[in-house]
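Trainee: Protein chains in written order, with our numbering: chain A, 4 to 549; chain B, 4 to 549.
Keep in mind that the hints are not guaranteed to be accurate.
The list treats identical chains as interchangeable, and a pair is accepted whether it falls inside one copy or across any two copies.
[As the list claims (entries may be wrong)] Pairs of lysine-lysine residues, derived as DSSO-like cross-links and limited to a Cα-Cα distance of at most 27 angstroms, are as follows:
{"id": "1", "residue 1": "K29", "residue 2": "K62"}
{"id": "2", "residue 1": "K156", "residue 2": "K241"}
{"id": "3", "residue 1": "K340", "residue 2": "K400"}
{"id": "4", "residue 1": "K400", "residue 2": "K346"}
{"id": "5", "residue 1": "K11", "residue 2": "K241"}
{"id": "6", "residue 1": "K120", "residue 2": "K242"}
{"id": "7", "residue 1": "K322", "residue 2": "K167"}
{"id": "8", "residue 1": "K162", "residue 2": "K345"}
{"id": "9", "residue 1": "K156", "residue 2": "K345"}
{"id": "10", "residue 1": "K490", "residue 2": "K29"}
{"id": "11", "residue 1": "K163", "residue 2": "K513"}
{"id": "12", "residue 1": "K11", "residue 2": "K513"}
{"id": "13", "residue 1": "K543", "residue 2": "K11"}
{"id": "14", "residue 1": "K120", "residue 2": "K300"}
{"id": "15", "residue 1": "K120", "residue 2": "K162"}
{"id": "16", "residue 1": "K120", "residue 2": "K414"}
{"id": "17", "residue 1": "K34", "residue 2": "K466"}
{"id": "18", "residue 1": "K241", "residue 2": "K120"}
{"id": "19", "residue 1": "K147", "residue 2": "K242"}
{"id": "20", "residue 1": "K156", "residue 2": "K242"}
{"id": "21", "residue 1": "K191", "residue 2": "K490"}
{"id": "22", "residue 1": "K147", "residue 2": "K414"}
Keep in mind the hints are simulated off the structure, nothing from the lab.
2 protein chains.
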Amino acid sequence: MNISQLQKARSAYQPKVPASIEGATKLSEGKATQSVADQDDIKKLFPNTYGMPIVTFEKGSSDANVEAFNVGIILSGGQAPGGHNVISGIFDGIKRLNKDSKLYGFLGGPSGLVDHKYIELTSDIIDEYRNTGGFDIIGSGRTKLEEVEQFDKGLEICKKLNIKAIIIIGGDDSNTNACVLAEYYLAKKTGVQVIGCPKTIDGDLKNEMIETSFGFDTATKVYSEVIGNIERDANSAKKYWHFIKLMGRSASHVTLECALQTQPNVTLIGEEVEAKNQSLDDVVTYIAEAVAARAAKGLNFGTVLVPEGLIEFIPAIKKLIAELNDMLAANQAEFDKVADDKKIEYVANHLSAANAAIFNSLPAGVSRQLALERDPHGNVQVSLIETEQLLADMVAKKLAEWKKEGKFAGKFATQHHFFGYEGRCAAPSNFDADYCYSLGRVAALLIASGKTGYMSSVRNTTKPAAEWLAGGIPITAMMNMEKRNGKMKPVIQKALVKLDGGPFKYFASKRAEWAIETAFVYPGPIQYFGPSEVCDQPTKTLTLEH
Amino acid sequence: MNISQLQKARSAYQPKVPASIEGATKLSEGKATQSVADQDDIKKLFPNTYGMPIVTFEKGSSDANVEAFNVGIILSGGQAPGGHNVISGIFDGIKRLNKDSKLYGFLGGPSGLVDHKYIELTSDIIDEYRNTGGFDIIGSGRTKLEEVEQFDKGLEICKKLNIKAIIIIGGDDSNTNACVLAEYYLAKKTGVQVIGCPKTIDGDLKNEMIETSFGFDTATKVYSEVIGNIERDANSAKKYWHFIKLMGRSASHVTLECALQTQPNVTLIGEEVEAKNQSLDDVVTYIAEAVAARAAKGLNFGTVLVPEGLIEFIPAIKKLIAELNDMLAANQAEFDKVADDKKIEYVANHLSAANAAIFNSLPAGVSRQLALERDPHGNVQVSLIETEQLLADMVAKKLAEWKKEGKFAGKFATQHHFFGYEGRCAAPSNFDADYCYSLGRVAALLIASGKTGYMSSVRNTTKPAAEWLAGGIPITAMMNMEKRNGKMKPVIQKALVKLDGGPFKYFASKRAEWAIETAFVYPGPIQYFGPSEVCDQPTKTLTLEH
Chain A
4 MNISQLQKAR SAYQPKVPAS IEGATKLSEG KATQSVADQD DIKKLFPNTY
54 GMPIVTFEKG SSDANVEAFN VGIILSGGQA PGGHNVISGI FDGIKRLNKD
104 SKLYGFLGGP SGLVDHKYIE LTSDIIDEYR NTGGFDIIGS GRTKLEEVEQ
154 FDKGLEICKK LNIKAIIIIG GDDSNTNACV LAEYYLAKKT GVQVIGCPKT
204 IDGDLKNEMI ETSFGFDTAT KVYSEVIGNI ERDANSAKKY WHFIKLMGRS
254 ASHVTLECAL QTQPNVTLIG EEVEAKNQSL DDVVTYIAEA VAARAAKGLN
304 FGTVLVPEGL IEFIPAIKKL IAELNDMLAA NQAEFDKVAD DKKIEYVANH
354 LSAANAAIFN SLPAGVSRQL ALERDPHGNV QVSLIETEQL LADMVAKKLA
404 EWKKEGKFAG KFATQHHFFG YEGRCAAPSN FDADYCYSLG RVAALLIASG
454 KTGYMSSVRN TTKPAAEWLA GGIPITAMMN MEKRNGKMKP VIQKALVKLD
504 GGPFKYFASK RAEWAIETAF VYPGPIQYFG PSEVCDQPTK TLTLEH
Chain B
4 MNISQLQKAR SAYQPKVPAS IEGATKLSEG KATQSVADQD DIKKLFPNTY
54 GMPIVTFEKG SSDANVEAFN VGIILSGGQA PGGHNVISGI FDGIKRLNKD
104 SKLYGFLGGP SGLVDHKYIE LTSDIIDEYR NTGGFDIIGS GRTKLEEVEQ
154 FDKGLEICKK LNIKAIIIIG GDDSNTNACV LAEYYLAKKT GVQVIGCPKT
204 IDGDLKNEMI ETSFGFDTAT KVYSEVIGNI ERDANSAKKY WHFIKLMGRS
254 ASHVTLECAL QTQPNVTLIG EEVEAKNQSL DDVVTYIAEA VAARAAKGLN
304 FGTVLVPEGL IEFIPAIKKL IAELNDMLAA NQAEFDKVAD DKKIEYVANH
354 LSAANAAIFN SLPAGVSRQL ALERDPHGNV QVSLIETEQL LADMVAKKLA
404 EWKKEGKFAG KFATQHHFFG YEGRCAAPSN FDADYCYSLG RVAALLIASG
454 KTGYMSSVRN TTKPAAEWLA GGIPITAMMN MEKRNGKMKP VIQKALVKLD
504 GGPFKYFASK RAEWAIETAF VYPGPIQYFG PSEVCDQPTK TLTLEH
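Next up, chain A with everything else stripped away, as it sits in the complex (with noise of 0.2 angstroms):
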């Protein structure tokens, strides 16, 4: 196999831990804990790990004496920089407690338990894979573990492989449905464990116990360095306006991450539109006003940051998408007769009055898209509009009105930009490969003492590895009760943007000057040998969170 110097150089790296678990620990269990809500609801679900302790682990005086046991993993969901640490992580942590300790890793996902597809993983695949990018050692997959008889199938696997415990590796969802399978093994006295990890770039799995999710601080990484290169060509050539989107649906962390990096002229945090009850054309004519200040300024080039699910949080675009699905849903057999070029009229006219003044208010390509464009479930596909660029049209299209009005005198001229993919299978930062291994030696140990229905926890992590706090924290602790598909269910509770919250508050507090200014910053590329204070920062979310 060919690979790059690079990646020859970097596997040699031995990912740093916290001194406490460097050798032998021992097991400290704090106070029993609650959910963060609806505690009756959560706790009738989840009679057999609800109220758990949070637990540390602290230096002990000699490693205790562990039976062999085996572990199987599973990576679930969107890649994230750092799996392959997290799992060479669990590697190193059983095969410390017995050398003859087995990891099986499920492949392709959760169906791979269900399925009973997997492979041994033994230390020549593990060392092929340490400090690399992506999720391809076993592949990950999006099957969701709800049903009983997926349990049951799993079960199966797990008696027959011998293995004492399962590792989640994933999400919000992903470790939701952990601990609903962690509660059925338990209350089906089946002897597997089951443990999760906290996996998504997108940043939005995290609370007092995870103080962040891994990849996020890697994919940002990546991110800001190119966002700054595209900075660094706005003040040379000084002629565009770059529209840049980046990957983050259901919350803003990866855009607001990226802005405190770079410091762009305008970044848009969907929770603060939302908050703020902001249409579309309040949206464009917040970034209209910087385009005309700085033209003014004769600065006729600039950034302006988008997260993916912008549309998503503006609340009529809301409103009119939730219309739109049961609409569609009630007329689909007359509406699938329709002629195509006749489609947006039928939408236009089955739409409350409200709904579908903001509809026919949208540009023709939108409209188009949500008209004619639906997923296999029959929901229109608000991920295919390209955000970046109906902003860039809208914003050009009020510029040129205020220039009929006196109001603008600039040139507007625009690119656009995605970054998503890019940053996903990125290879981990020192601090993603530090945590991620981190998180899977402590997985190991909670294995090795007992525990089920647990997150793998490492906290103070703004602080050098050696002081970094590892322990477990109860997943039914981050729970609550929501409403998925028109039924309340226990997930964990999503954690958004808070505009209350230190990041969010130093960006508000810079943005007037960063739209004005050129006050960019260019981060540059990741960097694994240089000196400390360049290759291992933690982001500055994390800096003003904690």
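Could you slot chain B onto chain A? The hints should help.
Mentor: Just chain B now, kept in the frame of chain A:
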């Protein structure tokens, strides 16, 4: 100013230079040169700067006593990583020769010379920009220096500022103009010298004496970083074919270099498409065959690299565009009166039968774009065609036909990307930092030696910097006659991808294997501080050429 940690750390980097120019130098002159073609025409047009010898700088015994002299610099055309290091090399170079020498920077490109817009570049300013990306120190521009009036205006400011020489940092056209200016100033006995520096990320300004243009190394490394990340994502998620377009309209060097670094499944090289007289359908079929072959192995994912200029390399489309431009120019008034929804029909009816057939075979979006959107000169805007999406759509259509015929049984879902602005202003790699700084130092020496009409040359660049060879090449030696806007003009011969050259031949010997296997390589981000085999590698193109 808020600068990134990396920028801070990187500002201390001292670029390496050829050992021969570290201290005192002596000039050695080679034999008289000839232009690469059309010798009689070029000689007639450049009576004073034709036939000069190639010169080389060797270690000298002691520095000559050089009087203080002033230099003016111009950044011309698109940004390329390392421009600031050329400037710091010039600055340090002229200060080494005499500390009272001064450096002026003309602002916003060649128009700064004509309009007398400039700043003095002092050590405070220079130090802030060492080893950084971008051209923002003085800005760049696309004004062409072609008219005697411009030359005379330039001379005025040179006299006023006592400027002994102008250095033009630009691509092939800018360096052609540098030579025209040198010839004019020499013929007029103005005493003002003109020196060129080879810049362009496109890599198409090169020959025996100019092994590579600066910026190509860094830009292709940035693109290869993100392409590698996308490949790893493709190989982890196993559900998308990623179509990736790369900057570079007139040559496919960038695409070829990125292919050599990342080993994608399919790579299109414009020069080959042209040489083989391929049609758009040939190209689409070629990609679809790779998709089908991988699908037969259960691999429904992959990566396709597409050079930005592909469409213009397809002979049939090249002819169509040429006729379109002529026909629209001839019928301008009538065409303007045609209703928008009749314009496509009008175009089809006014083309020759052969070109009308090609025009009608294009997807609706493309024929619409060609018919309706034209640049200020009335030309169709080929660069607006989203080639990567066009190809993805056409491949999907072909595979759908093949599915009906039973020739394809896989899945085909796509994502598309375009990388250009992401790399043009990246901070220079060690190679570009050293190469650019050396080019600047050599330019200073050429001036001190009284040379004009020369391009700064640094060769032997696959070896460590100490062994690089420093010198100058007469710009006329790189010229031939070409048709531009209907007239024969002397221009630097553009270096296209050579189908019998080392880089293409290596690629051609491997591509069948890369198409069917998953042979992706993940280069990762540019490193500045690590082991030399990671940080100091020249491009694969250079290595395979020398």
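Trainee: Are the hints correct? Go through all of them and say.
Mentor: Right, here's what the structure says about each hint:
1. Proximity of K29 to K62 under the C-alpha cut-off of 27 angstroms is restricted to the intra-copy arrangement: shortest distance 6 angstroms within a copy versus 68 angstroms between copies.
2. Taking the shortest Cα distances, K156 and K241 sit within 27 angstroms of each other only across copies (25 angstroms), while inside one copy they are farther apart (60 angstroms).
3. With identical chains, the CA atoms of K340 and K400 are at most 27 angstroms apart between copies only, with a shortest distance of 24 angstroms across copies and 35 angstroms within one.
4. For the homomeric pair K400 and K346, the shortest alpha-carbon distances inside one copy (26 angstroms) and between copies (24 angstroms) are both at most 27 angstroms.
5. For the homomeric pair K11 and K241, the shortest alpha-carbon distance between copies (24 angstroms) is at most 27 angstroms, but the shortest distance inside one copy (40 angstroms) is not.
6. For the homomeric pair K120 and K242, the shortest alpha-carbon distance between copies (19 angstroms) is at most 27 angstroms, but the shortest distance inside one copy (54 angstroms) is not.
7. For the identical chains of this complex, K322 and K167 are neighbours neither inside a copy (47 angstroms) nor across copies (69 angstroms), given an alpha-carbon limit of 27 angstroms.
8. Neither within a single protomer nor between protomers do K162 and K345 lie at most 27 angstroms apart by alpha-carbon distance, with minima of 58 angstroms and 70 angstroms respectively.
9. Taking the shortest alpha-carbon separations for K156 and K345, neither the intra-copy value of 49 angstroms nor the inter-copy value of 62 angstroms comes in at or below 27 angstroms.
10. Neither within a single protomer nor between protomers do K490 and K29 lie at most 27 angstroms apart by alpha-carbon distance, with minima of 42 angstroms and 84 angstroms respectively.
11. For the identical chains of this complex, K163 and K513 are neighbours neither inside a copy (58 angstroms) nor across copies (44 angstroms), given an alpha-carbon limit of 27 angstroms.
12. Taking the shortest Cα distances, K11 and K513 sit within 27 angstroms of each other only across copies (22 angstroms), while inside one copy they are farther apart (41 angstroms).
13. Taking the shortest alpha-carbon separations for K543 and K11, only the inter-copy value of 17 angstroms comes in at or below 27 angstroms, while the best intra-copy value is 30 angstroms.
14. When the C-alpha separation of K120 and K300 is checked against a cutoff of 27 angstroms, the pair qualifies only between copies, where the shortest distance is 18 angstroms, while the shortest distance within a copy is 62 angstroms.
15. For the homomeric pair K120 and K162, the shortest alpha-carbon distance inside one copy (14 angstroms) is at most 27 angstroms, but the shortest distance between copies (79 angstroms) is not.
16. Taking CA atoms no more than 27 angstroms apart as the test, K120 paired with K414 passes between copies only; the shortest distance there is 21 angstroms, against 58 angstroms inside one copy.
17. For the identical chains of this complex, K34 and K466 are intra-copy neighbours only, at 25 angstroms inside a copy versus 64 angstroms across copies, given an alpha-carbon limit of 27 angstroms.
18. For the homomeric pair K241 and K120, the shortest alpha-carbon distance between copies (16 angstroms) is at most 27 angstroms, but the shortest distance inside one copy (55 angstroms) is not.
19. In this assembly of identical chains, the alpha carbons of K147 and K242 lie at most 27 angstroms apart only when taken from different copies (17 angstroms versus 47 angstroms within one copy).
20. With identical chains, the CA atoms of K156 and K242 are at most 27 angstroms apart between copies only, with a shortest distance of 26 angstroms across copies and 60 angstroms within one.
21. Taking CA atoms no more than 27 angstroms apart as the test, K191 paired with K490 passes inside one copy only; the shortest distance there is 25 angstroms, against 86 angstroms between copies.
22. In this assembly of identical chains, K147 and K414 lie within 27 angstroms of each other by CA distance solely across copies; the values are 22 angstroms between and 50 angstroms within a copy.
In summary, the numbered hints that this structure violates are 7, 8, 9, 10 and 11.
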